[in-house]
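Protein sequences appear in the order of chains A and B.
So for the first sequence, the working numbering puts the first residue at 315; every next one is plus one.
So for the second sequence, the working numbering puts the first residue at 12; every next one is plus one.
I should point out that these hints are in silico values taken from the structure, not numbers from a laboratory.
Note that the structure is predicted; figures quoted are calculated from it, not measured.
Take these hints with a grain of salt, some might be off.
As the list claims (entries may be wrong) - Below, computed lysine-lysine pairings styled on BS3-like, alpha-carbon distance capped at 25 Å:
(1) A/K587 <-> A/K558
(2) B/K203 <-> A/K399
(3) B/K203 <-> A/K340
(4) A/K398 <-> B/K203
(5) A/K406 <-> B/K203
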Amino acid sequence: MSLLKVTDLVKHYPAGAGFFARGKEKVRAVDGVSFSLAAGETLGLVGESGCGKSTLGRLIVRLEEPTAGRIFFNNLDITALSGKKLRELRQKIQIIFQDSYSSLNPRRTVGSIIGEPLANFRIGTRKEQRRRVQELLEIVGLKPEHVSRYPHEFSGGQRQRINIARALALHPQLIVCDEPVSSLDVSIQAQILNLLRNLKTQFGLSYLFISHDLAAVSYISERVAVMYLGKIVEVIRSQDLVQKARHPYTRALLAAVPVADPRRRGERKVIVKGEPPDPLNPPAGCRFHPRCPAAAEKCRTEEPPLETVADGHVVACHYVKI
Amino acid sequence: MQVVPQLDFEPVTRKANPEKIIRPSTTYWQDAWRRLKKHRLAMAGLVIISFLLVTAAVGPVLSPYSYSDQSLMETNQPPSAKHWFGTDNLGRDLLTRVLYGARISLAIGFVTSLISLGIGVTYGAVAGFFGGRVDNVMMRIVDILYGLPFVLYVILLMVILEPGLKTIFIALGIVYWLNMARIVRGEILSLKEREFILAARVTGVGTGRIIWRHLVPNAMGPIIVTMTLVIPEAIFTEAFLSYLGLGVSAPVASWGVLASEGYQAIRSYPWQLFFPALFISVTMLAFNFLGDGLRDALDPRMRK
Numbered sequence: 315m316s317l318l319k320v321t322d323l324v325k326h327y328p329a330g331a332g333f334f335a336r337g338k339e340k341v342r343a344v345d346g347v348s349f350s351l352a353a354g355e356t357l358g359l360v361g362e363s364g365c366g367k368s369t370l371g372r373l374i375v376r377l378e379e380p381t382a383g384r385i386f387f388n389n390l391d392i393t394a395l396s397g398k399k400l401r402e403l404r405q406k407i408q409i410i411f412q413d414s415y416s417s418l419n420p421r422r423t424v425g426s427i428i429g430e431p432l433a434n435f436r437i438g439t440r441k442e443q444r445r446r447v448q449e450l451l452e453i454v455g456l457k458p459e460h461v462s463r464y465p466h467e468f469s470g471g472q473r474q475r476i477n478i479a480r481a482l483a484l485h486p487q488l489i490v491c492d493e494p495v496s497s498l499d500v501s502i503q504a505q506i507l508n509l510l511r512n513l514k515t516q517f518g519l520s521y522l523f524i525s526h527d528l529a530a531v532s533y534i535s536e537r538v539a540v541m542y543l544g545k546i547v548e549v550i551r552s553q554d555l556v557q558k559a560r561h562p563y564t565r566a567l568l569a570a571v572p573v574a575d576p577r578r579r580g581e582r583k584v585i586v587k588g589e590p591p592d593p594l595n596p597p598a599g600c601r602f603h604p605r606c607p608a609a610a611e612k613c614r615t616e617e618p619p620l621e622t623v624a625d626g627h628v629v630a631c632h633y634v635k636i
Numbered sequence: 012m013q014v015v016p017q018l019d020f021e022p023v024t025r026k027a028n029p030e031k032i033i034r035p036s037t038t039y040w041q042d043a044w045r046r047l048k049k050h051r052l053a054m055a056g057l058v059i060i061s062f063l064l065v066t067a068a069v070g071p072v073l074s075p076y077s078y079s080d081q082s083l084m085e086t087n088q089p090p091s092a093k094h095w096f097g098t099d100n101l102g103r104d105l106l107t108r109v110l111y112g113a114r115i116s117l118a119i120g121f122v123t124s125l126i127s128l129g130i131g132v133t134y135g136a137v138a139g140f141f142g143g144r145v146d147n148v149m150m151r152i153v154d155i156l157y158g159l160p161f162v163l164y165v166i167l168l169m170v171i172l173e174p175g176l177k178t179i180f181i182a183l184g185i186v187y188w189l190n191m192a193r194i195v196r197g198e199i200l201s202l203k204e205r206e207f208i209l210a211a212r213v214t215g216v217g218t219g220r221i222i223w224r225h226l227v228p229n230a231m232g233p234i235i236v237t238m239t240l241v242i243p244e245a246i247f248t249e250a251f252l253s254y255l256g257l258g259v260s261a262p263v264a265s266w267g268v269l270a271s272e273g274y275q276a277i278r279s280y281p282w283q284l285f286f287p288a289l290f291i292s293v294t295m296l297a298f299n300f301l302g303d304g305l306r307d308a309l310d311p312r313m314r315k
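Bound conformation, chain A alone:
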């Protein structure tokens, strides 16, 4: 049974909003995305900047209203929940943002930041809440005496730990990690990734792990979904990623991962030219065709559907060998 299921999710933003809006231009941030996430699974979501991966994350935690499509959580349609029911849902789905500083209120102490979810849902007495906050600090590897400090007194990695502690406070089932390690040093990134992995087994969490870093994503996830310009183009198991990825875009992303061994540099090179197209008016046919090294006539006119090519492996491309 899937914990989270998304079908044909669409989010369009009106472009040039304001007094002199030019009418009906739309930024197609998320344009028909479907996937599902099993309980206890981590699904990685990769793509370059502006492909809509963060918007997708925010749609799932219901920070943004979808234009169309449905979101199911535990088989419950949460697309249009509001009021009390939405509040109930908030306990189950949490999010961790990229910018660890901006996601903490600078005027609040760490104790009151982490304790706020508990206070909101009136979980336990004041004393129990305080004890829970200290427990959470220890879980994420901070010291209980840090409760009375302010966010600016911590390093980036420590602040991200505070964010994780806040997300854990309500015992969620799903945490959307929106590039949680992208703004950290590489050494700290590894620490946070390991922390997230440990927490997952400890508390039976599921993650939707959004990133542009293929290495980080394949390290933490069981499956990886690759997004291009508002659409998912390939979903594949992490262990198959390097060997079996078929979509030309996925291959290009893989080729762009820096290789540490100088003798192996230049081995597999897929060169992707140009910038991603304007999401205001995406190209007809396959969205990747203007930059695709293998594009043919059919790609310009016909949009490829997502097709299953192997167990747990779907690709949207006309020319993958099946």
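Given the structure of chain A, go ahead and fit chain B onto it with the hints provided.
For chain B alone, kept in the frame of chain A given last:
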């Protein structure tokens, strides 16, 4: 092979209590106070304002005269040991009247500023938080009110309500919240996109709590600066209204009323204008210096 002679090095024992190099933990307000203390003019302003507040509170009590006692034998006396600031055309002690006027003028300043705080912050926060059409409509209303010549509606208010302190509070309150609303709205607009607000929404914080516990506290710097700058403006505007005869009524005296009375005798008894005018100017300067200093201290980005 020994590359380095062993004698050149000796092991260092780690001290139990290594030297602390982190600076002590300071809150936003401690930081602001530290910066404010470095601002000389602002501190001078603060001292003057405190002094004024104290003398306004105790001065009229300690004075042997009352603000309304007339002594027709001693009209228009120049400053002397008996009457430090002289007397007016009804023989009332000018020092007592100026100190009493300080109460009225400062009260007008502070009350107006509090009204602007109450209405302006609420209005601006609501407009900024909800954004879109709500914001558009609310801010156009502010623009329209801004465009009305305010003397006009002060006069209209005076006609409807009886002239007096309460009417002045209402009239000035109506004018000065506009600026506050604009400033708060701008702050909220940028703050609400910050991720800690999104995080608060995801953890189930209600709209009211987000506005009052998360957004407004983070806009406190500009709010306090605006409040401080509203006070001298309100005092000056009241003086101006008194000049037009729209101020408080006799025998109560504000600085504006005193200045306007003094002006009629400027040729023969200039001290009757000089002392109230001096107090008005010094107070305005003090508040403006303090406001400037607060802006630098509370909002380091705004520093010139």
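Now the hints, each set against the structure:
A threshold of 25 Å between alpha carbons decides the hint, and for A/K587 with A/K558 the separation of about 23 Å falls inside it, so the pair holds. Restraint check for B/K203 and A/K399: satisfied, since their Cα atoms lie roughly 23 Å apart, inside the 25 Å limit. At roughly 23 Å between alpha-carbon atoms, B/K203 and A/K340 fall within 25 Å of each other, so this suggested pair holds. Using a Cα cut-off of 25 Å, the hinted pair A/K398 and B/K203 holds, with the two alpha carbons roughly 22 Å apart.
With a C-alpha separation of about 23 Å, the suggested pair A/K406 and B/K203 falls inside the 25 Å cut-off, and the hint holds.
Checked against the numbered hints given earlier, the structure satisfies every one of them.
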